[in-house]
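Visitor: Next come the chains, spelled out residue by residue.
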Amino acid sequence: MSMGYVLLIPLLPALAFAVLAPMPRTVRTRLVPLAVGAVLGSLALSVAAFLAVWPGGHVGEPTWQGAVTIAHVGDRALSLGLALEPVSAIMLLVVAVVGAAVQVYSLGYMHREERIGWYYAALSLFTAAMLALVLSDNFLGLFMAWEVMGLCSYLLIGFWHEQEAPRLASIKAFLTTKVGDLGFMLALAVVYAEVGAFDFATVLHHDWSAGTATLVALLMLFGAMGKSAQFPLHVWLPDAMAGPTPASALIHAATMVAAGVFLVVRALPIFEASGVALTITLWVGLVTALLAGLLAMVQHDIKKVLAYSTISQLGFMFIALGAGGSTAALYHLVTHAYFKSLLFLGAGVIIHAAHTQDMREMGGLAKKLPVTSLAFASGSLALAGIVPFSGFWSKDEILTVLLHEHQYAAFGIALLAAFITAFYVARLWFRVFTAPTQQVGLHEGHRSMLAPMAVLAAITAVVGFFGPTLGEFLGHEIPWPALGTAAISTAAAVAGIAFGWWVYGRTTSVVNTQAIKQRFPHAYGVLTNKYYFDLTYGYFVVGGYTALARGLATFDGSIVDGVVNGAARLWRSLASVGWLFDGRVIDGAVNGAASAVRAAGARMRTLQTGSVRGYQTLVAGAVVLLVIWILVKGA
Amino acid sequence: MSQTLPTVAFYLLAFAALYGAISMMSTRNVVHATVWLLEVMLATAGIYLALGAEFLALVQVLVYAGAVAVLTLFTVMLTLRRREDAVRPFPVAWGSLAMAALFTGGVLLALNGFCSVPTGMPATAPGLEDFGRELFTTWMVPFEIASLVLLAALIGAVWWTGGDDR
Amino acid sequence: MTVGLPHLLTLSAMLFGIGLYGALSRKNAVHVMMSLELMANAVNLNLVAFSRFVTPEAMTGQFFAVFSMVVSAAEIGLGLGLVLAIYRRKRSVELDAMQELKG
Chain A
1 MSMGYVLLIP
11 LLPALAFAVL
21 APMPRTVRTR
31 LVPLAVGAVL
41 GSLALSVAAF
51 LAVWPGGHVG
61 EPTWQGAVTI
71 AHVGDRALSL
81 GLALEPVSAI
91 MLLVVAVVGA
101 AVQVYSLGYM
111 HREERIGWYY
121 AALSLFTAAM
131 LALVLSDNFL
141 GLFMAWEVMG
151 LCSYLLIGFW
161 HEQEAPRLAS
171 IKAFLTTKVG
181 DLGFMLALAV
191 VYAEVGAFDF
201 ATVLHHDWSA
211 GTATLVALLM
221 LFGAMGKSAQ
231 FPLHVWLPDA
241 MAGPTPASAL
251 IHAATMVAAG
261 VFLVVRALPI
271 FEASGVALTI
281 TLWVGLVTAL
291 LAGLLAMVQH
301 DIKKVLAYST
311 ISQLGFMFIA
321 LGAGGSTAAL
331 YHLVTHAYFK
341 SLLFLGAGVI
351 IHAAHTQDMR
361 EMGGLAKKLP
371 VTSLAFASGS
381 LALAGIVPFS
391 GFWSKDEILT
401 VLLHEHQYAA
411 FGIALLAAFI
421 TAFYVARLWF
431 RVFTAPTQQV
441 GLHEGHRSML
451 APMAVLAAIT
461 AVVGFFGPTL
471 GEFLGHEIPW
481 PALGTAAIST
491 AAAVAGIAFG
501 WWVYGRTTSV
511 VNTQAIKQRF
521 PHAYGVLTNK
531 YYFDLTYGYF
541 VVGGYTALAR
551 GLATFDGSIV
561 DGVVNGAARL
571 WRSLASVGWL
581 FDGRVIDGAV
591 NGAASAVRAA
601 GARMRTLQTG
611 SVRGYQTLVA
621 GAVVLLVIWI
631 LVKGA
Chain B
1001 MSQTLPTVAF
1011 YLLAFAALYG
1021 AISMMSTRNV
1031 VHATVWLLEV
1041 MLATAGIYLA
1051 LGAEFLALVQ
1061 VLVYAGAVAV
1071 LTLFTVMLTL
1081 RRREDAVRPF
1091 PVAWGSLAMA
1101 ALFTGGVLLA
1111 LNGFCSVPTG
1121 MPATAPGLED
1131 FGRELFTTWM
1141 VPFEIASLVL
1151 LAALIGAVWW
1161 TGGDDR
Chain C
2001 MTVGLPHLLT
2011 LSAMLFGIGL
2021 YGALSRKNAV
2031 HVMMSLELMA
2041 NAVNLNLVAF
2051 SRFVTPEAMT
2061 GQFFAVFSMV
2071 VSAAEIGLGL
2081 GLVLAIYRRK
2091 RSVELDAMQE
2101 LKG
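Residue numbers (the working numbering), protein chains in the order written: chain A, 1 to 635; chain B, 1001 to 1166; chain C, 2001 to 2103.
It should be emphasised that the hints constitute simulated quantities derived from the structure, not laboratory data. In this text, all values refer to a predicted model and were calculated from it rather than measured experimentally. Note that beta-carbon positions come from the ideal geometry of N, C-alpha and C, so glycine has one too. Hints are supplied without guarantee of correctness; some may be wrong.
[As the list claims (entries may be wrong)] Derived coverage of chain A by chain B (criterion: at least 3 residues anywhere in the stretch with Cβ under 8 Å from a Cβ of chain B; other residues may be distant): (1) 161 to 171; (2) 627 to 633.
[Said to hold, decoys possible] From the structure, some residues in chain A lie toward chain C, with a derived Cβ separation under 8 Å: (3) Gly66; (4) Thr69; (5) Lys368; (6) Val612; (7) Thr617.
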């Protein structure tokens, strides 16, 4: 059977974008079903492609491959190709399912938006880029898709660009990820200089020396840290929550932020050749998982809690990668994509119903939104790591890898992060769903919003049981969790939830954070100020630049002015000698000339209108005259 | 011996460039105009590629599509306070149109006078390597001066846009 | 039918004309800058076309185009910097608002 339809998987949403984007707004709005249809088509083809690979596919042996040469640069051919193999097949399924769920959900969520057509165009382009990224068989194609996703992320964060916050957030996200992208780009330059090719097979089987491998791996890690919002490049993701919630679910929870992890998964042999880079990856993940988890504990905005939680969970994936467990990282990526997008979609329904994102103003939603709260419970339990929901299995797999690699310190920190995760999940749950009702007239979301959530919730509930199958597919063993590890992690999760209940769920009144704030003023201040990261960047990067400018101004004032003044003084003393010779004749001549100039100036100043457009017209007119003159002369 | 440009590719790219340029002038939204400018730049890069100027095509994408378009978008976003500032009707400026038409017509007429220009493309097209060698030997000094120009522009731009205390 | 130098020059002239119209008619400074870029782009296209057809070996036109790109990159950077600086002072990027040089 011909497998050419794999090409259509990213092409369908791309075509939807190409059709929607140039249309006027009213036509675009009518064409929205086309975009949804395209992504559903991609989903169907993705399922078909997955079934063609599974079972029987092997990592590194593409079931289908296609490449096209786009240009010859010098004597080298630049080609872009797609390859279908187990890793890309699994990722296809994840991206297509979440992408389709989000697009269907958005029909309900965004139906009042005037620019819904543009929203769907950007979403389609993003989906196309992400599908191309996971299918790409070379680093160059991956990088191009990566950049397109960055653009779409920027466009979607700034979707409500008539407001100040989304606009600034979109610029911040773009610039921060660009800092990381620079690392990725340099890594590609080094790869090309060293290997002379970009395709995975050649690059990964290259005989890497430890030094070069470390350089490439660290540069790539930097790129991945920017995209996956890892410490210290995490500052953009919480702000990115200013965008529409379904877009956050797709881009900033499930797919784009996971692209960094995916890059490291792809390039892991280079990291392994280096060794040092693996250790650094591990610690970046540990620090991020812990610090972002702590930050999630003090946020009041429901979306920001989820954003910090995403950062923290991505940290878990980096931990797994740092310990060399690419399969465990991929496993957690898959489960996290499903349950976190589910949580975001649930948050969207809650925000629609409650008309606020502040959890302090919510409460008692469990009775008002029964379907949403059920789905949200599935996602929350998965995030907290409670058996049998998906997060439990993948988190346990990461912990198992750490134990297996004898990384006991890392194991401890990861366990602590898991405890914190369970705590903030409980905090969110008890505050939003069980605290006393504060609002009246809440209503459940539309069917088109609930159906995708139900699908995702079902996946979240059962996908964990497929861990060993997945491991077999990827050529690595994923065992059922050992009883000891499972007991420890479950104990941590249950303890976290219990502690959360003790603080937030126990009393009948809404918890007064004032009390906590007063008891631990210092720690609370550090957390609510997000470890002063934004302030530090503001102070050192922006402030340093201002200081430089001020220094230049001082230089200007003291030295340049000094030279100018000195020259003036010298001139004045010369003049004071010269005034003796300054007779009546010279004066008269000078005055006469001056008044002549003044009279001419009075005429000329009418030409100086100060109007920029007037000047432009003058210059253009002169050029046109010149052309006519050339024509006449030439004829 | 001469060869020709791929005709279909050229007409497609030329159409894309002209369509983008006209759309850029006719759209009411300055953000859309930026995107259309980007499209024109990409189409031009394609024509460069067809003309065998690979390096220029790459630089075109990097500088125009990458830097200039993004810079313009940022400026638009930073200088827009209201949506009304972005979207507004542009009446056709007949005077400007006449002047531009006069100019274009004049140039096209002048072009007809140069019938002696070759229509066939010379077969030899030096590759990227020759280009690089030439750039760093014959054009070494201008190249270095260009880098100084860019540095000066960078410092100047930073100086102008910097702090509120000036 | 073959595509030769005249076709490229025609395209370039038309792009330049469209850019000229934009530069003359727009009131928004950013829009004017963009039109200027369009004109510079048309000129570069001209240079590259001549280079390919007239001096294919020496590639003189291509080098000119490279330097022309450097200049227009510097120009757009400085120009947009100026626009931002003016925006700070006047809260507007309208060309008609800039009349300080009136004599």
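Visitor: Now, for every hint given, state plainly whether the structure supports it.
Guide: Each hint tested on the structure:
Remark: the segment 161 to 171 of chain A is confirmed as covered by chain B, as 5 of its residues place a Cβ nearer than 8 Å to a Cβ of that chain, reaching the required three. With 4 residues carrying a beta carbon less than 8 Å from a beta carbon of chain B, the segment 627 to 633 of chain A meets the three-residue requirement, and the given coverage holds. Annotation: glycine 66/A was flagged as interfacial toward chain C, and the flag is violated, the nearest CB pair being 30 Å apart, outside 8 Å. For threonine 69/A, the suggested interface contact is broken, since its CB lies about 22 Å from the closest CB of chain C, more than 8 Å.
For lysine 368/A, the interface hint is violated, the least distance from its beta-carbon to any beta-carbon of chain C being 45 Å, above 8 Å. Satisfaction of the interface hint for valine 612/A is found here, the shortest Cβ-Cβ separation to chain C being roughly 5 Å, below the 8 Å cut-off. With 8 Å as the threshold, the beta carbon of threonine 617/A comes within range of chain C, its nearest partner Cβ sitting at about 6 Å, so the hint holds.
In the structure shown, a violation is registered for the earlier hints numbered 3, 4, 5, in ascending order.
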